[in-house]
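**Student:** Protein sequences, first through last, are from chains G and F. Its first residue numbered 1, the first sequence is counted upward by one per residue in full-length UniProt numbering. Its first residue numbered 1, the second sequence is counted upward by one per residue in full-length UniProt numbering.
One or more of the hints may lead you astray.
Below 30 Å or equal to it, Euclidean Cα-Cα: the simulated DSS-like pairs (lysine-lysine) are [unchecked claim]:
1. LYS176/F with LYS159/F
2. LYS616/F with LYS455/F
3. LYS176/F with LYS29/G
4. LYS28/G with LYS29/F
Take a look, some chain F residues computed to stay more than 12 Å from chain G by CB distance [unchecked claim]:
5. PRO341
6. ILE407
7. ALA599
8. PRO624
9. VAL925
10. LYS978
11. GLY983
12. HIS1001
13. GLU1063
Simulated from the structure, these hints should not be mistaken for laboratory data. All C-beta atoms, glycine included, are put in the ideal place defined by N, C-alpha and C.
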Amino acid sequence: MMHFMLLFSRQGKLRLQKWYTATAERDKKKMVRELMQIVLARKPKMCSFLEWRDLKIVYKRYASLYFCCAIEEQDNELITLEVIHRFVELLDKYFGSVCELDIIFNFEKAYFILDEFLMGGEIQDTSKKSVLKAIEQADLLQEEDESPRSVLEEMGLA
Amino acid sequence: MALKIVKGSIDRMFDKNLQDLVRGIRNHKEDEAKYISTCIDEIKQELKQDNIAVKANAVCKLTYLQMLGYDVSWAAFNIVEVMSSSKFTYKRIGYLAASQCFHESTDVIMLTTNQIRKDLSSPNQYDTGVALTGLSCFVTPDLARDLANDIMTLMSHTKPYIRKKAVLIMYKVFLKYPESLRPAFPRLKEKLEDPDPGVQSAAVNVICELARRNPKNYLSLAPLFFKLMTSSTNNWVLIKIIKLFGALTPLEPRLGKKLIEPLTNLIHSTSAMSLLYECVNTVYIDVNTPPLPSLSLSLCLYLSLPPQLCVQKLRILIEDSDQNLKYLGLLAMSKILKTHPKSVQSHKDLILQCLDDKDESIRLRALDLLYGMVSKKNLMEIVKKLMLHVDKAEGTTYRDELLTKIIDICSQSNYQYITNFEWYISILVELTRLEGTRHGHLIASQMLDVAIRVKAIRGFAVAQMATLLDNAHLLTGNMQRMGICEVLYAAAWICGEFSEHLENPMQTLEAMLRPKVATLPGHIQAVYVQNAAKLFATVLKSQEGNTDSTAAQETSQLMIDRLPLFVQSANLEVQERASCILQLVKYIQKLQQKDVEVAEEVSALFAGELNPVAPKAQKKVPVPEGLDLDSWINEPPSESESEDEQPKAIFAKEEPKHSRPRREEVDEKELAKRREARKQEQANNPFYIKASPSSQKVYQEAPGVEHIPVVQIDLSVPLKVPGLPMSDQYVKLEEERRQKERAEKKKKEKKKRKEKRSGRGKKHDSGPESEEDITPAHQVDIVTEEMPEKSSKHKKKKQKKEKEEKEKKKKKKHHHHHHHSDGGGEEAVQNGTVEEEEPLPVSVFFCFLPLTKVYDIQGNLQDGSQVVVSVIFENKCDSFLKSMEFNVLDSLNSKLQRPEGSGPHDGLTVPFQLPPGVSNEARFVFTVQSIIMPQKLKGTLTFIVKDSSTHEKLDFKLHFTCTSYLITTPCYSDAFAKLLESGDLKCSSVRLEGVNMPFHHLLARICFHHHFSVVERIDSCASMYSRSIQGHHVCLLVKVSAQTVSIDAKCDEPTLLGNVLDEIKQTFSQC
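With the sequences and hints as input, model every part of the structure.
**Tutor:** Okay, structure coming up:
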């Protein structure tokens, strides 16, 4: 089971964090800081895995962003790399060639996508299509919600 | 009101949205903290408004700030508000915020239960989805308990989207509220065969995680998973299944046989590296780790897959240009190494190549592997390669790592692989040339260790050390090298202690007294001074033999000239030693001037050898009898006592009185016994080498001293003599130890029963003794102490009686039926194929618990006349049970469904056998005509106890309660209202007195035990709904006031209703 997923920039700015195990806020901060340091210090040619505390860290860099997952001892590193890659693909499909700014400005969307893809640290759906479909549908629902509520309408003028 | 809305909307236009906030933060790089604190103030204002849109926007911003590391726990209540919005847009944001910010100690979580329940049963699947996702992040034990039933219902939702989420979240619920596992399990199992692949994979995920924690309970699923494994093409799912089998196989070795073929196929055919890696990795899981410590064999043995196949595949991974594959290949290789060192060793070349890799983490992995790969043959070659790398290595961390690895490799298991210690000493000396290493201390301790323990090497070692001392300036050249100067400590000590081996002691003495020495750390100087004195003694001895006495006098003069430098040292130790020795030398010089021969006497100062003492030796000194270390030697002075008396008492009288006689109290017998025990221990401990009798005499003068386990260097068994491979000695020691163990074991065997797994038993026989039998850490401990010995046949009868007695006792206690038999029938088990339901070996006896808890009756949704009874057979005893037949006396109303062609009184075969301590579940289908009355069915279970081959019978009753005909069905409040309005329902009510539990517990209980779902809850009043398998609606209105619960109920079938209410009443009367 995945313990957490972090997205951070090359400058060490956290862009996304999702924790699948209950962790105290203080520990989270400490772990994030520690991990960022370790991962950012690694050279580009190094492999994507490292052992850290009693977890295995799998990370991958896409453009300026590091995607970093912590998995348990028995978990499969390669499949975790695929999870990361799949998530990136999903983001890419959703935003249309995603960049760091997309994730910064639409961070809640990025979370929604992640939540449709992974749940409780496990892969929810192995099909890209069905994840994207779920997101689209939910977004549609959101727009329905919003469209009739124009400001004028709320003011009772429409 | 209208004005308020207008005002809210206008405000909203001027509020910052998330984008503005992010932009703002980016524009205020200099004073980010200040900017954010103003933002938080704004957000606080926004949260005070009534407009939910404004609130949601504020919460969204807070979630962003939370990610940046700001504390937003103060807004928890507002998050709950946004969660409960009826608009999906806001609900989504609310749940996201909650999932990011809430944790178990967030107290407002308590308030969310009903909201979540409402969302879970929302007609909109995305509401449900969002609630499930959120819940998965912050589920608490309370939430899990209250919502378990709702989520369980969702597992059978019509939409796969909801089903898969519900299945996944069940895992979290199980973790927080384990009681939910049992009722939910049948449904979870069903989901393994769900038509939707997403749901299926979710179920595989959950069961795989569960099985990892407790594989035993999931053995019965093996056939199902086997089917999935051979049919699935989804790699994600396959990986999980293989992992699951990795957990199951150690419990059921014969599973392995079945797995060989599909696994080999996968290994050969798959193009997905992740899957290949999983296969190889699982196959080689070291089963030595929990849950079953007794199984030290690798899975590979069970599978009898040739390890070469996997190693070959791994070789491909390692040779790949992808760093990741290379790394994982090495990682997997190190796992195989533990069980199959031979097959890995042949790939030494490849692993040595990896030392050249540009990725440090790969090099470190390769180093780890090398550690396990060395043998006497290849040690020198490998170390040579490593030394080359040491020279090339950039960066001190990696080089230090190399250095420690070299030392680890060489010194592992007491220098087991070193055949030539001269070589090792030279390696150590070479290592001292490393620049900037931190491990000088490590090298020094190795030098000391080898020089002390390997007697034959001393001459060589001393020569090398003398060179080191001579060139000490190279080591102490610059400050960066301070770490390495530690080796001088070892060098000085070795040269001094074994000075008789020195070729030119005078030169070494001179080197040790150079002024430069004063720049070394104090503890090293102290050793220098002390050993200079030893050297001095040796030099004197050689010089006095000559006729020319001036040489000896010159030596003394040299000491007198140089020592004052150390007398001035700031280090106390150095100063003290130097002053002592200086005075001594001055005195010697006086004697020399009178032409007195002093060399003999001076060397007598340092006569005898120093012995290595184990670091923990002090612990082994037994406390003499009668000595209580905690009691006061002198009573602490009372306050009133005058101060002057105390010192007298302590120093003059009390001490000798107390300590002396006590030592003598230990009587001779006891001493002899202890000595014997100690010798025994030493003989078996490689660190201790047997003491020669002569050396012990020295100590015997002082009573009690011989308790100190001092190791004599003067050994009958030297640690190592070059040429004679020292491991021989360890083989001997090991042999002795094993013999002892064997003897002990025999004694214990009377109490213990040996595990008899036929499949593995055979393999053990091939060797003289399997590892399991030898290593205490791997004790076969499937067996608990009460279990009688069964391995030897002639003991059978006696034990039988004992056992029967035991059983009788148990019978009284548990009212369980049981039987026993002896563990014969090995042949049958061994030949038994795993084709059917994996009969498990190891016999024991059986308990069927005719209690409601062991069976669960569930209505079948598809067919209104079918009820499924899941019976859990639990075997609590020590006999193996087989050929179980389940039979029920049919009534007019209920009939057991039997396969076609069998008569109405035939029993059904239970599709498994039961080893001890194992429980398994079987399901039986009953046809029921009327469901409005509860009923009891009588039945019998017959079974054969292994090898006694008698049929045993066990009677039981099945209670079909009316509740079991109810199926949890969600109902929306509008539909519920319509139902009540329709007027078709009959009314009935019941009052429960003295129910003392929180209302939500009460509801949870009704939901859980009686398959209801909550439609609506307002304060201490709730409406609930359920449906029978034949479509009867059952509606409840539960109210609570003080300790009285009143339940008004409506149902279209009054008899059913009456019975259900009775059952509910009973549930609460039990608590």
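**Student:** For this structure, which hints from the list above don't hold up?
**Tutor:** none
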